[in-house]
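Peer 1: Sequence:
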Amino acid sequence: MFTATKAHNKPVYTYSDAYTKYGASLVVSADTATMGRQAANLAQAVLLHEPIKEPVQTPAGSHITLNVCELGKLNVSYNSDALDAVNQLLECH
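Whatever position you read off the sequence shown (first residue = 1), add 5 for the working numbering.
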């Protein structure tokens, strides 16, 4: 997939940082630390017999990685005003 997308100058968006080494341009993954705290708070409420307002919760938090080095190689632009939402910025070395 990465070879085909590079041949057509198309960025790849994935769900895991593991794919950045293959050329993924954007990664949106679960923020496991935040989700862990969310689960711990829910477990604590159960143990304390507190009423559970939301028994099924939407996972809180995500982690965004933008590979600007790869975007540059593909000649793909991005909105620099949105960089405040990015957790990790990968630049060329």
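Because the hints were derived from the structure by calculation, they are not lab data. Honestly, I wouldn't trust all of these hints.
Claimed, not checked - List of simulated lysine to aspartate or glutamate pairs, DMTMM-like, C-alpha gap at most 25 Å: (1) Lys15 x Glu96; (2) Lys11 x Asp22; (3) Lys78 x Glu96; (4) Lys26 x Asp36; (5) Lys26 x Asp89; (6) Lys58 x Asp36; (7) Lys15 x Glu59; (8) Lys11 x Glu59; (9) Lys15 x Asp86; (10) Lys11 x Glu96; (11) Lys11 x Glu55; (12) Lys78 x Asp89.
Peer 1: Kindly indicate which numbered hints from before are broken by the structure, ordering the numbers from low to high.
Peer 2: 7, 8 and 11
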